[in-house]
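Protein chains in written order, with my numbering: chain W, 1 to 457; chain B, 1 to 204; chain R, 1 to 1047.
FYI, nobody ran anything at the bench for these hints, they're computed from the structure. One thing to keep in mind: the hints can contain errors.
Here are the simulated PhoX-like cross-link-like pairs (lysine-lysine), alpha carbons at most 25 Å apart as the crow flies [unchecked claim]: (1) R:Lys791 with W:Lys157; (2) B:Lys48 with R:Lys31; (3) R:Lys978 with B:Lys194; (4) B:Lys117 with R:Lys31; (5) B:Lys192 with R:Lys31; (6) R:Lys522 with B:Lys59; (7) B:Lys192 with R:Lys978; (8) R:Lys370 with R:Lys522; (9) B:Lys180 with R:Lys31; (10) B:Lys122 with B:Lys192; (11) B:Lys122 with R:Lys31; (12) B:Lys192 with R:Lys791; (13) W:Lys139 with B:Lys180; (14) R:Lys522 with B:Lys116; (15) R:Lys791 with B:Lys194; (16) W:Lys361 with W:Lys300; (17) W:Lys63 with R:Lys942; (18) R:Lys370 with B:Lys194.
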Amino acid sequence: MTPPPAASVADMIRPVPLVADSQVNRDILAVMDRPTMPYWLLLGFLVVFVHAAGAVWVYQVYKGLGIAGYAHPIFWGVYIVTFVFWVGIAHAGTLISAILYLFRSKWRNAINRSAEAMTVFAVLTAAQFLGIHVGRIWKSYFILPYPNQRGLWVNFKSPLVWDTFAISTYGTISALFLFVGLIPDFAIARDRSTGWRKVLYTALALGWEGKSKQWKAWNRTVLHLSGLCTPLVLSVHSVVSWDFAMSIVPTWHATIFAPYFVAGAIFSGFAMVLTMMIPVRRIFGLEAYITEYHFDNMGKFILLTSLIVGYSYVMEFFIAWYSGNEFEQTAWWYRVFGPYWISTWTMLICNTMIPQLLWFKRVRTHVPTLFAVSIFVNIGMWFERYVIIVIGLSHEYDPAVWGIYTPRPAELMILAGSFAFFAMFFVIFIKLFPVIAVSEMKELAIHRKSHAHEGAH
Amino acid sequence: MSEPAPGHRIALPFLLFAVVTVVVLALPGAREVSAQAKSSETALEAQKLAWDDNAPGPKQPIPFSHAIHAGQYQIQCLYCHTGTDRSRMAGVPSVENCMGCHAQFGGDLEGVQILKKHWEEKTPIEWQQIHRLPEYVKFRHNRHIQAGVACQTCHGPVQEMNKVYLVPDRGWMNGVPVAKLEMGWCINCHNKNKASIDCLTCHH
Amino acid sequence: MPELDRRDFLKLVGVGAGAAAAAGCSDPVEKLIPYVVQPDIITPGIPVYYASTCRECPAGCGLHVKTREGRPIKLEGNPEHPVNKGSLCARGQAGLGRTYHPDRFPGPMLRGSDGKLAPISWKDATELVATKLRGGAGGAYLLGSDPGPTASGVLDKWVAAVGAGGRIVYEPFAPEALVEAAQLVFGNASEPVFDLSKADLVVSFANDFLETWVSPVEHARQLAEARDISAHPEGGARFVYFGPRLSMTASSSDEWIPARPGSEGILAMALARVVLENGGGSASERALLAGVLDGFDAERAAARTGVDAKTIERVGKALAKAKAPIALPPAGGFASNRARAATAAVLVLNQLTGAVGKTLALLPLPSDGKRASYKELLALVDSMKSGKVSVLLVHGADPAYSMPQTTDFADALTKVPFVVSFASSTDETSALAHLILPEHTPLESWGDAQPRAGVRSVLQPAVRPLQDTQALIDALLDIGRAVSPEVAAKLPTGSFRTLLEAAWSDADFRQVLQRGGVFAEKSGPASASLSPGVAKLGVADPVLEGEGDYVLLALPSPLLYDGRGANLPWLQEIPDPVTKIVWQSWLEVSHETAQKLGLVAGDVVVIETGGQRRAEVPVVPRGGIRNDVVALAVGQGHTQGLYASRELERGVNDPQGKRLYPLPENAGRQVARGVNVISLLAAATDEAGGRAWLTTKAKLTKAGRSERVAFTGANDNMRERMLGEAITLSDLVAGKSVVDPEMLGLAASVKERLQDAARRGEEMTPPAGVPAEALTRNGELIAFNPADDAKPGSPYRWGMSIDLDRCTGCSACVAACYLENNVPIVGEEQSIRGRIMSWLRLERYVTDGDIDYVGGRPPHSTLERLGHVGVRHLPMLCQHCGSAPCEPVCPVFATYHNPEGLNGMVYNRCIGTRYCSNNCPYKVRRFNYFDYSLETWPEPMKLMLNPDVTVRCQGVMEKCTYCAQRVEFARQPAKNEKRLIRDGEVTPACAQSCPTQAITFGNLKDADSQVAKKASDPKRGYHALHVLNTRPATTYLAKVVRGPVEV
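Next comes chain W alone, as it looks inside the complex (with noise of 0.2 Å):
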């Protein structure tokens, strides 16, 4: 079955572009052509930051934990702030593809590869940290539940059990998703290409040949992956959260985390969808495809999502008052006014106080501001994550062990370092894939073809 045609099509069809689907064609795959030597220096830069990266990581395995900032009681810093980052990130794909998709908002054809794709690297990325954080990376496949001679289980009521199945669920779901989605997009590069890239795609392609059967196949197992996708985007960022609201630490056992973590994910994957394609666009010449109409529609959703998240800032504070619970107070004091408000203060600003500007349309429609702004939301939800597992930790229930963290060079280098991580896969991305989903452009070029027909009657 086809998903059902939308209440008011017209709506949803008038930021297609127009062009003859040979032009699509051209156009969107034009960007896999052969890459330029500037694409070769920002590659060769990506893959050897991430291998000196990688080399720190190497080093702190050898030496010890110890080369990071932890300080007796923070036990935990950046490694797992910048976890949660990364999984924040990857939820912006799986909501444009998935749930967008169910919702019918055609508009999203344009970003949705792109989203999908940053999903599966971000989830990558992310879960690279589980791996750099633990102080025996040697022993950590004892975390997974496999049958052993020793008799041992793992213990299915911690929270970081949960979160290697939350994460490991989602990396799959994710990677098929975008993988189903762009089959037909590799018959299109299969029947262009030459040479190994013709081996690549043909083999990937799995024999698409466009008859309407597999069409209508196709469409059924995206609706149906939507389907599956769509909770688990709630809740990914629900388990990840749990790690910390299960907790007993001030500031961290709250019920309202759930709902919080999972908007602020929301939140800060626009603002990197953003980050990434207002480049891609530009460098690419997508605009006819990437249209202010798509941006406009994002600065809504970071708008809303900034409200969320701020509402849920106010929460914390007034329940933290309100509940006269002495070390909550404390905390969230500490949190605002003690040797960390700096953090603070930079989240509050960029999360809260900058998204306000997308109240205007100027605004939202004005590329380089949005890229402006998408870069404070990125930074924000980064600090966020900071003030709340660092400072956390640091003002805890025993005044004679509150501790300061900072963090020292290896971390930073390697919080660099998954940056470039991140890049990379996307750089390999933009040149072997169609960043945007050629079928899906038609599709919507098509719905046009046939209305313009209709009105001609």
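Starting from the structure of chain W, add chains B and R where the hints point.
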């Protein structure tokens, strides 16, 4: 801890039982043989076997044959491995302990000569360890002996070995094979005998 | 080689159990190396104990040296010994490290012309010294600590035989003034011995008797006895502390009166006067003192001491009224150039209050054994300068470090043509010596000690010397015999051991070795009378050298003592009981002073004394010190020694990787660790020539830079969080409970219903819907019953009770934990990051705290106030919670709840997510950020590891296990005998070492066990951070606030 693995793993408990009984039954006979002063030859033979490079197990500094001592002469394990019933650690006999007997006996044997050399030079014998547990496992020999666990349960039919080696034993835990002296192997036995399987019992 | 004694096998011992001590994650030792000759007393795996005597300070505590496979692995107190009765202080326990210290000399060393030390054989070395002695032994002098009566006697014989110039006994903090003052006051040579256990009022005149004075462990026990709340419902002895600084000792007092330093004598006189006015003393005494005491009326005394007249009157009246009061004279850093007079004044006060015979015994001076004399030492220094000393033999002392700079001891030493040091490991003096003849460490030596008349304590070797060393006496005898046959003839024959046995011939030596000595306590005369000499007591303000606004207090450090502990890493890493600083020197100033100079914690000041002596040291502002005083602890500032100096951080002296995480920025740092305050002091003496420590004023100027101070306690404000609780005596008497019933987590209605039931005498079972922990004990509501938190089938629920009213903060438990559990040392840099690994830490809070929302970094000390005690020492260790927050969050069950209620930690299962520690509200879990185990124990220190405790590797979490290995050890005999482990059969290291027995451990399921009784204390019992309902197995008993003394 490397030894070629003979087959019939699964049957080994039975084998082991059989072997032990056979030995126990056969020993009186063996005693008579020894009475007819043939032991020196068997001893020489045993020495050869104890240093037989084809036999499993590492080569020891002295061609010491448990088969002769524990098997043929039926010397109780605790006679040489003193304190094993009182202490967490198994006592490895001191040179003096060996000299107790070998001051008189077996002077013609190569191994005993090496032993005497050690005694005169007052240097300890550096035995190759065969049964070893990681340092984070605190195994208690005394508890096991007090609980009536036979030495052979873990060390195999040492009384028949000229050259001691780690007798392979395989159990199953969660559908995974468990080799001897691995944790699952201990747990299996503890479960069977309703012994404590609390982690702190062995790990602290 | 001496006759084959029962420790000789150690040259034959193999590494055997060495494997067991190897790091839990390191490569295995694959060889089995048995003994050649296995001594009958040794069974591998079973510890052997030797009774001996501690030599870390003159107190002479009895030891039980725990050895495994012939290696001492732990020092424990000898329960039979009258001095310490089974407990041992931190310094004593850390002394174990001396034997295995990497700084030990491998054997005799001769300093070549290039200034480098080169090995030399004992024979040659002996001959060398002998030749030096042949040419004019008259210029030869022996200088060293008191080696114990027998050795002392032999030394005197040696001096006589060789015809040496003389022998000087040197003990930096020897209480010389005490004996002199006793002579002055009572007219006969006697040694005043103070017994606090019977006292009902203790007045300390700046006497830190819980830290370093005479016999700290004993005094701590006595004070705890005298104040035991269960024995004395009315609160027991009251304790008043006069002194300018809230020291560790003062923090145990009921009333801290910040008197001006050096004014103790005047105070004592003023109090004596009040006592006389209130009917104290006999008529004759009144007559005798009439003249002496006028001029010491409360008003005038108040002006001179900074204590207001009313307080003097009040305390004086209390003294007069008390049945068994005791006054302790100024000591340690407070010995001024008027020390004898001040001490005498205090003795007079004791006499007037009738303390003599009750709490103060005047014992005869030990006949044998020379006493320390600073006067003689100064004389020696002069003759050294004038080149009269040809040979100087130094043993058991480090004068080059501990003599005031102004005496120029170091220069004087260079004027001596031949200096021999008997130090077993490197120190400042041996660095200047020409020849080094290393002596055995106390654990390797024979010897004896006499803490006081009647108490004779023996030293016996527990291990065969690890290095090519000799007993001091044997070495000297060899030298003497080598000098000439005539000399040899005059010398006693035989080895020191035979001489020792001869000296003990009056007792059964075998039994002596088993018990640790002969303990025939002597009691002094029932009363004494003042000698006429008192009439000219001459109590006056001390004369302080130099000008400056501040009096410089140079106080013996509770852990490093006079500096001899500085090279023992444990003593460096155990936080100072007052400021919680490690590995460093710091200057304590008052908040007001800090403000005046514009300083915050860590800002460096230039401290200047006597015009030319200067030092730079970071300040630590606190409320617990007078504004006109600055305090700097003795003990740091060494330039020699792996741990005492900065060698480690600077990464030098590193032949075998004995480096503690050196950071590049340290490469340029000065060699000395911290500041040696002694170099700032003037060489003043008291009236009798004893050493004065309170000698100088100091000028402070801002240096304009600052250093990171290694605080291990963030701040002292508890914020009313139910950590270190206290209950006032009145509340206690009124039957109130320290736990507010509202905090019991029960709905008020439920509570009422339960209480109604109680009134009706019905059995009080919680109504439906009420958690099972809504129970009552002794008619009192309790939040829960810790005994429930074990597997129903299990006969045990291990638990602990810690009596905060007994805890003095001495940190003996911390040292015990370090040494029992192979807890690694992390060094200064890591400590600053808060990565100290101690499983047991002492938190120091002041009062209940207040909830103030401080912005910025909370200052270290916020609640201390002058003249206000309110200090709570809180030993914080794993609480072994019944519902432990750490357990559910561990993804791999590395930490879990064991059937006997213990919170188990399985190192080799841990993958290091550190979630458990995040979720632990008590923050008692420690993480191995580096492979600390590799670098903490340089060879041969690995030999001192406890083979029963796994050494943890990099990346795993660790924490207090309630000494699970000791539980397991006790379980073996119990199981063999088919019985349960008896109460008291298991004692964790911390509880065992505690001088005041504040810690009790046992089975909570056994209602008759000590711990169950204590833990069920309805009034004082509480659980830390109660509101979290973690159901801890550790029950704290609240400190009792007795309040100021009243009349």
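Status of the hints after comparison with the structure:
{"no.": "1", "hint": "R:Lys791 with W:Lys157", "in the structure": "holds (19 Å)"}
{"no.": "2", "hint": "B:Lys48 with R:Lys31", "in the structure": "holds (23 Å)"}
{"no.": "3", "hint": "R:Lys978 with B:Lys194", "in the structure": "holds (16 Å)"}
{"no.": "4", "hint": "B:Lys117 with R:Lys31", "in the structure": "holds (19 Å)"}
{"no.": "5", "hint": "B:Lys192 with R:Lys31", "in the structure": "violated (32 Å)"}
{"no.": "6", "hint": "R:Lys522 with B:Lys59", "in the structure": "violated (65 Å)"}
{"no.": "7", "hint": "B:Lys192 with R:Lys978", "in the structure": "holds (20 Å)"}
{"no.": "8", "hint": "R:Lys370 with R:Lys522", "in the structure": "holds (20 Å)"}
{"no.": "9", "hint": "B:Lys180 with R:Lys31", "in the structure": "holds (20 Å)"}
{"no.": "10", "hint": "B:Lys122 with B:Lys192", "in the structure": "violated (45 Å)"}
{"no.": "11", "hint": "B:Lys122 with R:Lys31", "in the structure": "holds (18 Å)"}
{"no.": "12", "hint": "B:Lys192 with R:Lys791", "in the structure": "holds (21 Å)"}
{"no.": "13", "hint": "W:Lys139 with B:Lys180", "in the structure": "holds (22 Å)"}
{"no.": "14", "hint": "R:Lys522 with B:Lys116", "in the structure": "violated (57 Å)"}
{"no.": "15", "hint": "R:Lys791 with B:Lys194", "in the structure": "holds (16 Å)"}
{"no.": "16", "hint": "W:Lys361 with W:Lys300", "in the structure": "holds (9 Å)"}
{"no.": "17", "hint": "W:Lys63 with R:Lys942", "in the structure": "holds (21 Å)"}
{"no.": "18", "hint": "R:Lys370 with B:Lys194", "in the structure": "violated (65 Å)"}
Hints 5, 6, 10, 14, 18 from the list above are not met by this structure, while the remaining hints are.
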